[in-house]
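If you want the building blocks of each chain, they are given just below.
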Amino acid sequence: MSAAAGERPPGGEATVRERLASWLDQRVGWRQMMSVALDEPIPGGARWAYVFGSGLLFVFVNQIVTGVFLAFYYVPSADHAHTTVSFIQKQVTMGSFLRSLHAYGSSVMVLLLMLHLAQTYVYGAYKGRRELLWLMGCFLLLLVMGMAFTGYLLPWDQKAYFATAVGTNIASEVPWIGGFLKRLLRGGNEMGTLTLSRFFTLHIFLIPAGIFAAVASHLFLFRKAGAAGPPRPAAEVRQLPAATFFPGQVFKDFVFGIGLIVMLGALASARPVSLGPAANPADATYLPRPEWYYLPVFQFIKYFRGAASVLGIVVIPGVVVLALFALPFLDRSPERRPLRRPVAVGSLLLVLAALVFLGVQSAVEDRRDPAVRAKLEAQEHEELAYAKEPFTPEENLGPFAGGGGAAAAAPAALSPDAAKGALLFESEGCSGCHGAQGHGGGGLFALVNLGKRFPPAPLTALLHAPRPDMLQGGMQPVQLKAEDMQALVAFLLSPQRDAAPAAP
Amino acid sequence: MTGDTPVTPSAAGLAAGGPPEGDASPAHHAAAIGPVLSSTRRSFFGVLVGAISAVVGALMAVPLIRFALDPVLRGGGGADWYALGSTEELAAAAAKEPVRAEVSFRRVDGWRATTVKQTVWVTLGAKGGLEVLSGTCPHLGCGAIWHGDRGRFVCPCHNGNFGRRGERISGPPQRGLDPLPLKVEGGKLWVKYQYFRGLVADREVIG
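Chains Y and X, in that order, give the protein sequences. Numbering-wise, my numbering puts 277 at position 277 of the first sequence, and it's gapless, one number per residue. With positions in the second sequence counted from 1, the corresponding number in my numbering is that position plus 1000.
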């Protein structure tokens, strides 16, 4: 079709398109933008080794899109979070698929980050005035790990709850401010609905905002420094014929990115993620295990006990992270060839080997101990059994459930007079405007703390002759026999009425 | 399909919806590319990248749209039948005056279920058969109450008045009280609660 358009003599369809393109360009300047975006020179041309950064962007977009859609149904409250995730998983069309895309996407993000970091490291691509670019990348690493940590709690099932309980406990090992850090993360001493709110806010507002800003800076700094090219001496790289970013590298990046999304989709439909039973804080026997990417850290801190634990939890990981951040300042040599950098490449391999060893060791230890193994298997079995159960909605019965009327809802607590008043409140239609038991809700006029505001006599007078503003709002003078009025007033002023939970 | 046919680069770029690289491509980069990558090949990549993204994007959009539309496309279950009581007893009581009754039913609201309670009135219709009226005033939704001394239903909010069969007498409501579907089964009167649109003269069930 485009070929046909190209063959047409001038004055045909292509010209109209051409003119439209120029018209837009004069106003938007898209040709220059495209040129800036696509004509970035890459020394030595396109390579598959460079695709990881773009791959991260593809999967990040996947996380944003699926995350925003999951928020259609998710409620971040300890009361409802698990029910709503279960609703998404079991009831909503495609819910299990989208949730799986999001959950697997987080693992793929971490995996790609490792590959992107390793490639940059091995190619020595942090060298040559790229310190800030590298720092921004390290900052992004922390942000993405933060996303993984905060997102893990949100389903509020057993493993989410207990893994986060352990994770936040780790913060308390930090010297001096540990206790404060833990309370800051949890929104109090214990895990609870405030923890969930905080993690939710971090996960969908604060950390993503940080990621947007950091990705923009990372890309800007990358473009400012230019593509590093293959790991050869700088003079040699300068001599290499350059190819523009488009089409070669764009094509490779797209094939990789789209391939990742297709693979994620296949994984999400073939093996949807599961959801365990709702968090039960009283369950003292639950054995939490973190996601695979936190397993090495989990295993590492097992080796440090008592006073030494600060070493394993804070000092050593802190030194490793600091060294990572400081890398371009520590390694000032311009040499980029991996084989000429035995210390740098060797230490990367050492750290990677240690991480793999720790992760494997953690799995091995879990298998070796029969009690632990049996418990973990039982937990997995429980989770699968729960996943198979059909969705059951959360029952919100409220004080009027079961057809017993107001007296049944506020049982022996109400005096006989007030109980009679409760029935009158219903039968006289008061609840039509003031809600069940006068609790309002749904735009109705709630009657709050009347007992503290009125003695019985003025309230009786007010009911007989409402104020003008009350009449304006639709209030009708109450006409009842004296004893009925007394019962109604007794009901309105009873502290039990104020204390009873509002109807849903 | 594009093959080796000469192509106007910008036209191909626009046609694919992909990134066009028109006449404004800076000369210094073009020189760097050399003759290896003809503009045809560049356009071909553009078309390919655009087409692949369009296909995968469309494939991704399907589950997203279905996910978001789930509650819209899922038909509302409606209330279940609720047994009000023995037909005989209700008929005897309603012969004297309308009988107030409460209907409770479970309403599934997304991921939660609530028990909703509504007032209905059992009364005798024009032909002497049992009728069940919604107690909700068809004006603004307050509860209309039977006043035996006045022999009519009165809505306390804006003084809507209705006769004992629910017919409109006076006040702002534009129609009488709404009759509900009912059935007799096993000697019992069953009713199905419905919601009606307020503020209009014609009855319209909305849930």
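Be careful, since some hints might not be right.
[To be verified] Interface residues of chain X toward chain Y, partial, derived using beta-carbon atoms under 10 angstroms: (1) F1044; (2) V1055; (3) L1064; (4) C1157; (5) L1182; (6) V1184; (7) V1200.
[Unchecked claim] Quick look at which bits of chain Y chain X covers, simulated, 3 or more residues with Cβ under 8 angstroms: (8) 190–199; (9) 243–251; (10) 316–330.
Think of the hints as simulated: they come from the structure by calculation, not from any bench. Only a predicted model underlies this, so the values are computations on that prediction, with no experimental measurement involved. The beta carbon of each residue, even a glycine, is placed where N, CA and C say it ideally should be.
Outcome of the hint check:
1. F1044: 8 angstroms, holds
2. V1055: 9 angstroms, holds
3. L1064: 6 angstroms, holds
4. C1157: 5 angstroms, holds
5. L1182: 18 angstroms, violated
6. V1184: 21 angstroms, violated
7. V1200: 20 angstroms, violated
8. 190–199: This one is violated; 0 residues, fewer than the three required, reach chain X with a Cβ under 8 angstroms.
9. 243–251: holds (count 7)
10. 316–330: With 0 residues in contact (Cβ-Cβ under 8 angstroms with chain X), the coverage given for the stretch 316–330 of chain Y is violated.
Consistency note: the structure conflicts with the earlier hints numbered 5, 6, 7, 8 and 10.
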